[in-house]
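Peer 1: Use the sequences and the hints to build the structure in full.
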Amino acid sequence: MSDFLLELGCENLPPHAIRSAFEQLRRDAATQLDALRLPYERIYTTGSARRLVLIVHGLADVQSAQSETVTGPPVDRAFDEAGRPTRAAEGFARSRGFDPAKLKTVETERGEFVGFTRTLKRRRASILLKDLVPELVAGLRWPKLMHWQPASPETARSGGKNDGFRFARPIRWVVCMLGSTVLRFSMAGVRTGNRSYTTPWIHTKPVTIRSPKTYMSSMKRAGIIVDHEDRARRIESLAKQVAKRAGLQLIEDPGLVDELTFMLESPSALIGEFDKRYLKLPQEVVVTAMKSHQRYLAFRRRGKLVPRFLTLTEGKVGSPATVRHGNEMVLRARLEDATFYWEEDNRTGMDGLAERLKKIVFIEKLGTLADKSTRVSKLAQVALEMSGADAVDKQQVNRASHIAKADLASEMIKDGKEFTLLQGLIGSCYASESGEDPEIVTAIREQYMPRSAGDGLPTTELGTALSIADRMDTITGCFLAALAPTGSQDPYALRRKANGLLRLLEARPGVSIQRLLEAALNGYIDGGLSSAGHRSDAFDRLIGFFQSRMELYLKDRGIDYDIVSAVTAVAWENPGIAWKRANVIQSLRGEDAFELLVTGAKRVSNILDNSMKRFGLEWSELEAAFLGSGELAPGVRIDPGGFEEASEKALYQEIRSAVPTLRERDSARDEKAILSALSGLGPAIDRFFDDVLVNSPDADVRLRRHHFLAGVFAIFAKYADLSHIVESGSQPPE
Amino acid sequence: MLQTFWMKQGCLILQPYNSEVGAGTLNPATFLRVLGPEPWSCAYVEPSKRPKDGRYGDNPNRVQQFLQYQVILKPPPDDVVRRYIESLEYIGIDPKKHDIRLVEDDWEAPTLGASGLGWEVWLDGMEITQFTYFQQAGSLELNPATAELTYGLLRICLYLQKVDSVMEIEWGCGITWAEVNRQAEREFSAFHFEAANTEFHFDLFKSYEKEVHEMLERDLVLPAYDYVIKLSHVFNVLDARGAISVTERTGYIGRIRALARKVALKYLESREALGYPLLKRAKSA
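Each protein sequence line maps, in turn, to chains P and X. For the record, in the first sequence the residue sitting at position 589 is 791 according to the numbering used here, with numbers rising by one throughout. For the record, in the second sequence the residue sitting at position 189 is 193 according to the numbering used here, with numbers rising by one throughout.
Just to be clear, a hint being listed does not mean it is correct.
[What the hints assert, rightly or not] Listed next, the in silico BS3-like pairs over lysine-lysine satisfying Cα-Cα at most 27 Å (straight line):
#, chain 1, residue 1, chain 2, residue 2
1, P, Lys363, X, Lys266
2, X, Lys266, P, Lys346
3, X, Lys287, P, Lys363
4, X, Lys101, P, Lys616
5, X, Lys101, P, Lys493
6, P, Lys478, X, Lys100
No lab work stands behind these hints: they were computed from the structure.
Peer 2: Below, the structure is given as structure tokens:
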């Protein structure tokens, strides 16, 4: 048993791709070693800017023993009458290098065959690894590959593709050792050896590795922290030390720490300062200038940004003062740019910036950003009305929508570099500077929330309305412009936008997706960007999109699949209602009263023709049908006069008294109370089916009973299609 | 200094091209020579004109014309990064005293259909060089790859002279960069942003485009390429002038790229017809 070490020395790899590369290396190594029958104790992989490392602890020196059985022709064709091997059998044995006399009978699922068993050769790990390593390395997936070796004579002559090794960056050295022995071979134009390097283009002296066991410590002595977790901890502790010494608080940024972990192999801290006059810029602008290009960490004191930064350098630098000065100069230039933009934009003012939106295309064929603002304004009004947030002033909605996108025309965002990440925030800063209503300022800042699944929601009604309207407008527009998501293609991230929209609507049961969609389509048609002719097609496709988003959304939130089907069959267009109902049903699953109701609903559903099933009737229609003499549907009328059985009459009476209660609870949106009222009907339905022969031989009676049950169905169908629910005892599949 | 260093490394020392280019990559010594199997190593200064970056000479870091030092190594030697670092040492930047970092940055020039993988090189946080392993030019995959090192000469001067603004760089004999170039910055900024006659430039674009097609038909590859360079500059002027909308922009870029590809293909044919003379030379050497 020995330890195996592979170190792949590269020119600086792309930081964001390193982790997935060494994780893949670990998985692939495990699979391949298993396939090669080479047992091991543990596989470790890590990576950094200039190396990927694989260490296999306790690797067997030779393959484990295994025998294999080789089968030839069927027994009845393998021997002649005299019991001698036939030519077929002899041919088979010879071709495998085996004595025909020693053939024996092997039983298989397909019958009896002749064959033999042989012990497989046990090859040495040191030999197998020479083939395995290049295969593992070549199999690593990277976002982009490159070639770097000279053209081979063949490809040079033919003008063909470069047939050299392809990798994320050039591979410049390979350490490959089994125990203290170097496994010698060539790959990617490099000969393997036992020499590693720190930064070969600066410190040319190699680090000689004596064995895999001492690899990590040898590298550490040379100043390289090989393990990625060790490096991350080192960066964090450096940053915290600096903060503690200066009495500051570090502005945590795990994403940046992770990037630095894969940019630097021997991180060392250096503090710099900048002029405090830049602190008049919004804090986020300054932090972004420091972080997104320069990768500096920032600090606060008592909640306020301080004019200092922490840069991490590769190793301790020879002249810290020079390095610090250089970094300060670069940051100054960036902050100077930001200041220039800030002053320019504030001079232009909110209205001036909004005016520029008339010249900026939103998405090709979907008008300008100014057009979008107009549509969003109307759509936001619709959303607010449905939310019941009547307190929000119409003028305010108009103003907020008018200037919400103004920052997209600002110098700060138009620059197209790091500050673009701050859209919305920059707009709210400018709005605040120019004295806009504080509620509008907040709404502008919140209009893109939630930006991701983990992001918070807007805190104000106005911000929520802008976010809902913006999303609905973009999704609708993209469907009109044939930019709807297909398969893995979703260039405008419409799925993510839709998920955010559903989250926003969770707490707003009054908002209907269908009505929002209608309003959004009207916006494009009124603006002359789509014609009424496209309306119904786009509408259907959008409905389909939202239905499937809604189903996935509920499943992602842990709702059982059958409950999702039951609820979305009825209430998908009101995500707030669907969400509440789904939770109520999920919480009652397994309780007797609920299970009885489900059984009843299934019996009703099973006996009815689909043509008799009505969804989405109004309460007034149901009241008219049960309490008066209205029609449920053309020709469908409940006729209690003909009821004969006691349990038939009892169910009818129970429903008559339940309808007003249900209506009241529905308008109060008390989902739990509705379900308990429905559950109250369970026993009566149960008795009905036990006592009454619905499909009576008398056609009139049969029709009357079907019409009655159609009414019962219509009542449930206002809540959920409970027939989808899998009764407890029969577990839903995973 | 850089000149001497790269000359000693076996690079041909060339001169800037005689036409406005946005980057040293457009010089035929790069764009055409990276195509095909023939080895090619050269170095030259290139005044690069980027109309959009003009700031009327008021900005300490942005100017509409600046200087690049371009080094082309085809195929790239195994120790190309070390040679680059040595070139910095040669001009007085000691890598042991400074924080020199290779920061991932994959370069791309959409008008030329050229792209590669590499880094921007940071000197104490400042980007001083674009280092690219060229993989594609004229939308054709290269074989072999070429290492392209593009030094930002003004940035390096800022650093070496420890001044805060490009304008303050002493260009020689006590004369500053501002004294040499500020008038040009002011006038060209005004020209690119306010004065350039857009109709005239659109006409130029069309005429140049036509010329490329005609020269290609006559197998005059180098003249055809000259007009691709001119097209690219006219496009930059129109773009800075705000005469090209966002939606049209992609279309114009696509037109130039399509021509660059045609030129590249034709150039490859012409070198093959000549029997790749530099390849033979390298073998006999």
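Peer 1: For each hint, tell me whether it holds in the structure or not.
Peer 2: Each hint, compared with the structure:
no., hint, result
1, Lys363/P / Lys266/X, "holds (19 Å)"
2, Lys266/X / Lys346/P, "holds (26 Å)"
3, Lys287/X / Lys363/P, "holds (21 Å)"
4, Lys101/X / Lys616/P, "violated (37 Å)"
5, Lys101/X / Lys493/P, "holds (24 Å)"
6, Lys478/P / Lys100/X, "violated (31 Å)"
In this structure, the earlier hints numbered 4 and 6 are contradicted, and the remaining ones agree with it.
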